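Colleague: Next come the chains, spelled out residue by residue.
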Amino acid sequence: AQSVSQHNHHVILSEAASLELGCNYSYGGTVNLFWYVQYPGQHLQLLLKYFSGDPLVKGIKGFEAEFIKSKFSFNLRKPSVQWSDTAEYFCAVMKTGANNLFFGTGTRLTVIP
Amino acid sequence: DAGVTQSPTHLIKTRGQQVTLRCSPKSGHDTVSWYQQALGQGPQFIFQYYEEEERQRGNFPDRFSGHQFPNYSSELNVNALLLGDSALYLCASSFSAPGLVSSDTQYFGPGTRLTVL
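Protein sequences, first through last, are from chains A and B. For the first sequence, our numbering assigns the number 4 to the initial residue and increments by one for each residue that follows. For the second sequence, our numbering assigns the number -4 to the initial residue and increments by one for each residue that follows.
Think of the hints as simulated: they come from the structure by calculation, not from any bench. This structure is a prediction, so every number in the text was calculated from the model and none was measured. Some hints could be false.
To be verified - Here are the simulated EDC-like pairs of lysine to aspartate or glutamate, each with C-alpha atoms no more than 16 Å apart in a straight line:
(1) 8/B to 80/B
(2) 52/A to 80/B
(3) 98/A to 23/A
(4) 98/A to 99/B
To be verified - Where chain A lies over chain B, by a calculated footprint (3+ residues, C-beta under 8 Å):
(5) 28 to 39
(6) 69 to 79
(7) 103 to 109
Unchecked claim - A few chain B residues facing chain A, derived, Cβ under 8 Å:
(8) 12
(9) 62
(10) 112
All C-beta atoms in this analysis are idealised placements derived from N, C-alpha and C, irrespective of residue type, glycine included.
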C-alpha cells in the first residue's frame, strides 16, 4: 500500500536556524509531490509542488524541496526560519494520473524568537 | 477571487444521526475532493467529484456519500454517525483539463469540524 512518512513529528528551532523536514514515500511509479502548510488557525495552503523537470523546486516564503527519486524522498528546506514559520507541515504524494493525495502525518514546527 | 469555502464551520451531532457538509470550489475550478482529518493525522481521501459524478473513492464505507451540483459546488453526506467520525472534514478544489483522468493541484478550504457525541 502507498504510504508517506514524515519522521519528524515535532521540530523546535530558534530563529535564523536552518530547517530540513524529511518526507519519504513508498510507491514505485511516477508521482507528483507536494508540501502543504497549516498555520495556526488557518487552512492548508500549498507551499510548493513537483510534477516533473528540475528536481529542486522553489516555493513561497523562501522554502524549497528536492526530489531524489532513488531515495523516494522529497525533503523540505529553508536556510533561515522565522517565528512566522511556526506551523504544521504536510508532505503529500499523488500517483500520476490519479486524483487522491496521500498525506503524511505532518511535522509540527515551532520557531522560538 | 474567492477561495474554497465550506459550511458550516462547526457541527455537533449525536451517534446515529446524519450530517450534510457543503463546499464551494475556488473560481475556475470544476473538481471537488473531500478529505477527513482526524486529530493528529494527515488528511485522508474520501472521494472526488467531477462532472457531477464520483470519479474516485478512497477507503471509506458507503455511509459516506456525496453530490456535485451543476455549479460545481458539492455536498458530503454521512449517515449513521459513529463516534469515530469526529474529525475535520476538508474540501479541496482543482481544475480537470478535458480528456485527462486526473486534475491539477488541489486547493483546500478551511474545513468543517464535526463532533459526534
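Colleague: A separate judgement is required for each hint: does it hold in the structure or not?
Modeller: Tested hints:
1. In summary, the hint linking residue 8/B to residue 80/B is supported, as the alpha carbons are separated by about 10 Å, within the 16 Å threshold.
2. Distance hint between residue 52/A and residue 80/B is unfulfilled; the C-alpha atoms sit about 30 Å from each other, more than 16 Å.
3. At roughly 24 Å between alpha-carbon atoms, residue 98/A and residue 23/A are farther apart than 16 Å, so this suggested pair is violated.
4. For the hint pairing residue 98/A with residue 99/B, the CA-to-CA distance comes to about 12 Å; that is within 16 Å, so the pair holds.
5. For the stretch 28 to 39 of chain B, the proposed coverage by chain A is satisfied: 7 residues have a C-beta within less than 8 Å of a C-beta in that chain, meeting the threshold of three.
6. Here's how the stretch 69 to 79 of chain B fares: 0 of its residues keep a CB closer than 8 Å to some CB of chain A, so the rule of at least three is not met and the hint is violated.
7. Only residues whose beta carbon comes within less than 8 Å of a beta carbon in chain A count, and the stretch 103 to 109 of chain B has 4; three or more means the coverage holds.
8. Because the closest C-beta pair between residue 12/B and chain A is about 26 Å apart, greater than 8 Å, the hint is violated.
9. The beta carbon of residue 62/B comes no nearer than 17 Å to any beta carbon in chain A, farther than 8 Å, and the hint placing it at the interface is violated.
10. With a least beta-carbon distance of about 24 Å to chain A, the hint placing residue 112/B at the interface is violated under the 8 Å criterion.
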